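Please build the complex by placing chain B on the supplied structure of chain A, with the hints as guidance.
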Amino acid sequence: MTKNELAGLAGTKAEAERRAADLAPAFAQAAWREGLIDVALADLESPIGRLTVAVTPRGLARIVFESEDRDAELERLSRLISPRVLAAARAADDVRRELDEYFDGARRRFDLKLDRRLMSPFARDVLAATARVGYGHLATYGEIASRIGRPKAARAVGAALGSNPIPIVVPCHRVIGAGGRLTGYAGGLPRKEALLRLEGSLVE
Amino acid sequence: MRGTAPPPFERFFEANRGTVLRFLTVAVGPQEADDVAQETFLAALRAYPKVRDDGRLDRWILTIASRKAIDHHRGTKRRAAPVAAVPEGRDQAVAPPDEPDAELWMAVRALPPAQRVAVVLRHVLDRPYDEIARVTDSTVEAARANVYQGMKKLKERIR
Numbered sequence: 000m001t002k003n004e005l006a007g008l009a010g011t012k013a014e015a016e017r018r019a020a021d022l023a024p025a026f027a028q029a030a031w032r033e034g035l036i037d038v039a040l041a042d043l044e045s046p047i048g049r050l051t052v053a054v055t056p057r058g059l060a061r062i063v064f065e066s067e068d069r070d071a072e073l074e075r076l077s078r079l080i081s082p083r084v085l086a087a088a089r090a091a092d093d094v095r096r097e098l099d100e101y102f103d104g105a106r107r108r109f110d111l112k113l114d115r116r117l118m119s120p121f122a123r124d125v126l127a128a129t130a131r132v133g134y135g136h137l138a139t140y141g142e143i144a145s146r147i148g149r150p151k152a153a154r155a156v157g158a159a160l161g162s163n164p165i166p167i168v169v170p171c172h173r174v175i176g177a178g179g180r181l182t183g184y185a186g187g188l189p190r191k192e193a194l195l196r197l198e199g200s201l202v203e
Numbered sequence: 000m001r002g003t004a005p006p007p008f009e010r011f012f013e014a015n016r017g018t019v020l021r022f023l024t025v026a027v028g029p030q031e032a033d034d035v036a037q038e039t040f041l042a043a044l045r046a047y048p049k050v051r052d053d054g055r056l057d058r059w060i061l062t063i064a065s066r067k068a069i070d071h072h073r074g075t076k077r078r079a080a081p082v083a084a085v086p087e088g089r090d091q092a093v094a095p096p097d098e099p100d101a102e103l104w105m106a107v108r109a110l111p112p113a114q115r116v117a118v119v120l121r122h123v124l125d126r127p128y129d130e131i132a133r134v135t136d137s138t139v140e141a142a143r144a145n146v147y148q149g150m151k152k153l154k155e156r157i158r
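Keeping their order, the protein sequence lines are chains A and B.
Position 122 of the first sequence, counted from 1, bears residue number 121 in numbering that gives the first Met the number 0, the numbering being contiguous throughout.
Position 118 of the second sequence, counted from 1, bears residue number 117 in numbering that gives the first Met the number 0, the numbering being contiguous throughout.
In isolation and in its complexed conformation, chain A is listed as follows:
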């Protein structure tokens, strides 16, 4: 008997990696059921590219665009919420369903529970005001600033919107510059345009 024969019983490393990857969904399901995942990740396909959503037991905490650095975002979630971050597709079933309906034009407001832990106190105020801008409507940074009682804080409002951890669902894309310029968006201006076109707010 040789050591190679013994090692051969385990199969090749590539086989083990494949088998382990196949087992991952069942493991994630068991872990989620036992309440051991603090941040569940799921990758969803959408008309504006892949969206990585992060769901906690409190609700939806983060939506990451394909153009953003997914690894850096995982690190951030790990640091700011909990290192128990794991891909668990089923945990995001509600989010997937509502986003699909939204992109199909069949949903105008989201009923999802939100986890606002990634928002600063100021950003919470700004984003709460933003959440009241309805589907098909627009507001300017200055208007949002007035609505939170800080009429001179348009720039700070812009920064808070730029840091929105839950774009699309918290509709920061509906906030534009005075004079109608779209200005910035975390996912890039083409995505902001696509969302506004979907909502009928942008007519060519």
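If you are wondering where the hints come from, they were derived from the structure by calculation, not from laboratory data.
There's no promise every hint is true.
Here are the simulated lysine-lysine pairs, BS3-like style, with alpha carbons at most 25 Å apart [stated by the list, open to error]:
(1) A:2 with B:151
(2) A:12 with A:2
(3) B:152 with A:2
Not close to chain B: a few residues of chain A, all C-beta gaps over 10 Å, as computed [said to hold, decoys possible]:
(4) 26
(5) 56
(6) 83
(7) 117
(8) 131
(9) 138
Computed from a predicted structure; not experimentally measured.
Ideal Cβ placement from N, Cα and C applies to all residues, glycine included.
Just chain B now, kept in the frame of chain A:
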């Protein structure tokens, strides 16, 4: 506490699951390996918020996997105890007698759990003795002795 906060579990899981599965495939048997691997990573997930990253989390997960492998064998033995004949366990069913590795599997299964675990760490995963000692919570001498005795038995049965 030394070390830093651990990486996102997702990254740790992806980096170590293949190795854990290879270890358990031989340490508890191919059919049982999947379940024991799941138990291993669930235990790791439970402890994860308190773990510190010393740069060797691979050693930490193998420590858990080794304990789970030994526990698994104890459990199997207890369950099997009242039965006179050896039941047709799932582990036994893995390698039919006509398979080329059947004899080797029988010999591996006959090893005492501590020796089986030590042999797998040494000769399947290529881990050094000081690491085997840490992972199995024993001394370097005991680790060496377990590997030596285990290999001796395997060589006696397989020529």
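Out of the numbered hints, which ones does the structure contradict? Hint check: 4, 6 fail, others pass.
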